[in-house]
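From first to last, the protein sequence lines are chains X and W.
Per the numbering used here, numbering through the first sequence is continuous, rising by one, with the last residue being 322.
Per the numbering used here, numbering through the second sequence is continuous, rising by one, with the last residue being 970.
Don't take each hint at face value.
Some chain W residues judged to face chain X by a derived CB distance under 8 Å, without partners named [what the hints assert, rightly or not]: (1) R750; (2) R793; (3) E800; (4) H808; (5) P811; (6) H816; (7) A820; (8) L822; (9) V824; (10) S842; (11) E845; (12) M848; (13) S851; (14) A887; (15) A888.
Bear in mind the hints are in silico, worked out from the structure with no lab data behind them.
Even glycine gets a Cβ: it sits at the ideal position worked out from N, Cα and C.
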Amino acid sequence: MTVVDTSIADQPRYDCRDAYVETLAELAHADHRIVGVVNDSVGSSKLNSFRKAFPDRLINVGIAEQDMVGVASGLANGGRIPFVSAASCFLTARALEQIKADVAYSNANVKLCGMSPGVAYGELGPTHHSIEDIAWLRAIANMTVIVPADPVETAAALRWAATSEGPVFIRVSRMSVPKVYGDDYEFELGKAITVRAGDDVTLISNGTVLWRALVAAEQLAAEGISARVLSMPTVKPLDVDAVVAAARETAGIVTAEEAVAGGGLGGAVAETVVQHHPARVSILGFPEFAPTGSAGYLLDRYGLSAEGIADAARKLVKPSS
Amino acid sequence: MTLTVEHTTMPVLGRLPIHSSRAEQVAHIAEAAKQIRIQDLKLVHYAGAGHIGGDFSAIDILATLYGAVLDITPETVNDPERDRFILSKGHVAGALYTTLAAFGFLPVDELATFLKPLSALNGHPNRNKVAGVEANTGPLGHGLPVAVGHALSAKLDVSLRRTYVLVGDGELQEGSNWEAMMAASQYQLDRLTVIVDRNRLQQGATTKETNDLDPLPEKAAAFGFAVVEVNGHDHGELLDVLSAVPFRPGKPTFVIAHTHKGHPISFMSNNVAWHHRVPDDAEFQQALTELESAGRPRFDREPV
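Please take these sequences and the hints and turn them into a complete structure.
This is the structure in structure tokens:
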């Protein structure tokens with residue numbers, strides 16, 4: 002598969018919700034079982050065109066997340082394939098028990114699509130940030146957790162989810178990102194993708210931060226540090242082999258994600274490393290409720306910029322610096 | 667004391683032919699309810715755990731549904747067009763398992779595994795392990811939204827399959843139920859029937875003392891439901907009402923089934939102590955004697 006590499010920071014940026022709604026419509030045309038389920042989140046999920054094309058197949062339960070997830074489980078019981086689209090903060094926090102019992106424990110064929118996750122809502126603050134979603138859902142048995150990095154991967158993950166039986170959580174980013182992948186990309190569950198080869202240090206990332214890790218690797222290369230960049234779209238099940246290889250073959254691992262610094266991708270990588278091949282791991286994310294600021298400002302502030310990621314990598318390669 | 671296969675004595679009753687008279691159906695349901703209670707009493711006594719109070723308030727409803735209302739048999743348990751029954755008050759799993767066994771969905775012998783290590787018969791039902799269970803319930807306030815989702819799927823399919831959900835009355839204190847009721851009404855899900863096991867007791871007190879639900883009929887009506895009240899221990903009334911839904915085109919139905927926890931055991935009935943108390947040997951014998959000797963147990967609806 003093609004990976005877009007050079008000068009990625011200068012490439013056009015995309016809101017992954019556009020790829021989401023385009024793909025959902027394409028899937029719904031092909032499979033009558035597919036329905037959307039929303040909590041009044043038609044606009045924020047960009048589903049207006051979907052509603053126009055499939056007026057009966059967009060179930061809007063109103064502002065009622067617990068009901069939304071329970072309803073999705075019941076729709077699945079009736080043979081439908083519900084794609085629940087709601088702001089990730091409300092979907093995962095308000096309806097967490099429904100996600101656990103009605104979807105995961107019941108093993109219902111429900112696809113949970115967390116829109117505008119991470120700190121996408123910026124200045125709206127921690128009530129609207131969804132930095133805990135990955136950690137919460139990763140803790141639930143039967144749940145697959147996918148964090149796509151760009152519109153291509155978002156579309157590919159959705160296509161995969163539509164044809165796989167069982168509960169899935171997919172983050173759909175709002176903060177615009179450049180394309181990391183060429184259009185021939187195919188999603189493979191539980192597989193890391195080496196988007197840049199290297200053997201001094203490893204950067205593991207996903208979602209809106211992956212392209213920043215690629216820029217960080219570029220900066221490190223200029224200093225003679227060869228950084229491997231692993232794209233890890235599937236947080237659960239994690240690609241254990243790729244993580245262990247990184248721990249074994251490089252000086253250490255930096256994880257970088259638009260999420261709480263613990264329990265998410267970083268937590269998954271650290272658990273794996275500790276059990277299989279102890280190595281130095283630096284986990285980048287949000288260690289606290291973020292102060293007021295735009296999404297971009299907040300990423301930079303907490304070291305989720307190319308500079309911040311490169312910095313963390315330098316410390317692993319040269320511990321004294 | 668250990669639950670063993672010798673304690674699984676219940677006959678498998680199955681369904682009567684579809685052309686049976688109402689009187690035959692009612693008699694059949696009554697016999698099923700009696701056998702289910704005897705078996706459930708043994709389960710709880712010998713397993714040393716369970717929710718016998720809520721089991722006994724719900725058994726007449728369960729026996730009526732599986733005995734004569736639901737279009738579902740052991741052979742059609744995976745048929746997409748089957749009626750769905752969702753037990754929202756999942757803590758009365760013992761009553762559900764016993765009912766499923768009475769109608770042939772579950773081998774009666776398997777009841778001997780109730781609550782034992784690795785048994786499919788957990789303290790709350792699991793649809794992936796027990797044929798006939800539609801949703802993994804237990805936390806309260808989950809079944810009604812799931813039932814709304816299923817009723818929506820039937821509507822999208824232009825199917826006549828029906829959805830029934832049994833909720834406890836105390837459970838209605840969970841807000842998710844009212845979210846779901848608004849959606850059911852908005853989508854005009856008239857093939858959805860919510861049955862409330864209105865025993866007026868929750869874990870530690872009466873509903874009135876805790877978070878009074880009344881006026882419940884008016885609340886349900888205000889949320890867009892056609893409301894019917896029945897004696898939840900009268901098989902004829904239950905059969906007539908549950909087979910006749912919907913009552914109003916375009917409206918989901920809300921059946922308030924007035925019941926007593928622990929019915930009809932003299933010392934359990936309407937007694938809050940029996941939410942999840944386990945009968946000792948003497949209590950077990952007395953309850954068994956009452957059940958075996960009873961004709962039609964008497965139940966007077968609580969004055970509202």
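Okay, the hints, checked on the actual structure:
Interface restraint check: W:R750 against chain X, minimum CB-CB distance 7 Å, threshold 8 Å, status holds. Interface hint status for W:R793: upheld, as the beta-carbon distance to the closest one in chain X is roughly 6 Å, under 8 Å. The beta carbon of W:E800 is positioned within 8 Å of a beta carbon in chain X (closest approach about 6 Å), and the interface hint is therefore held. The beta carbon of W:H808 comes within 6 Å of a beta carbon in chain X, closer than 8 Å, and the hint placing it at the interface holds.
Given the 8 Å rule on beta carbons, the hint for W:P811 holds: about 3 Å separates it from the nearest Cβ of chain X. For W:H816, the interface hint holds, the least distance from its beta-carbon to any beta-carbon of chain X being 4 Å, beneath 8 Å. The criterion of a C-beta within 8 Å of any C-beta in chain X is met by W:A820, whose closest approach is roughly 6 Å, and the hint holds. A hinted interface residue such as W:L822 counts as satisfied when its beta carbon comes closer than 8 Å to some beta carbon of chain X; here the least separation is about 6 Å, so the hint holds.
Because the smallest distance between the Cβ of W:V824 and any Cβ of chain X comes to about 10 Å, over 8 Å, the interface hint for this residue is violated. Interface restraint check for W:S842: the shortest CB-CB distance to chain X comes to about 4 Å, inside 8 Å, so the restraint holds. Given hint, W:E845 at the interface with chain X, holds; its Cβ is 4 Å from that chain's nearest Cβ, closer than 8 Å. For W:M848, the suggested interface contact is upheld, since its CB lies about 7 Å from the closest CB of chain X, less than 8 Å.
Interface restraint check for W:S851: the shortest CB-CB distance to chain X comes to about 11 Å, outside 8 Å, so the restraint is violated. The restraint placing W:A887 at the interface with chain X is violated, with a minimum CB-CB distance near 20 Å, outside the 8 Å limit. Look at W:A888: its Cβ only gets to about 16 Å from chain X, farther than 8 Å, so that hint breaks.
Against the hints set out earlier in the document, violations occur for numbers 9, 13, 14, 15.
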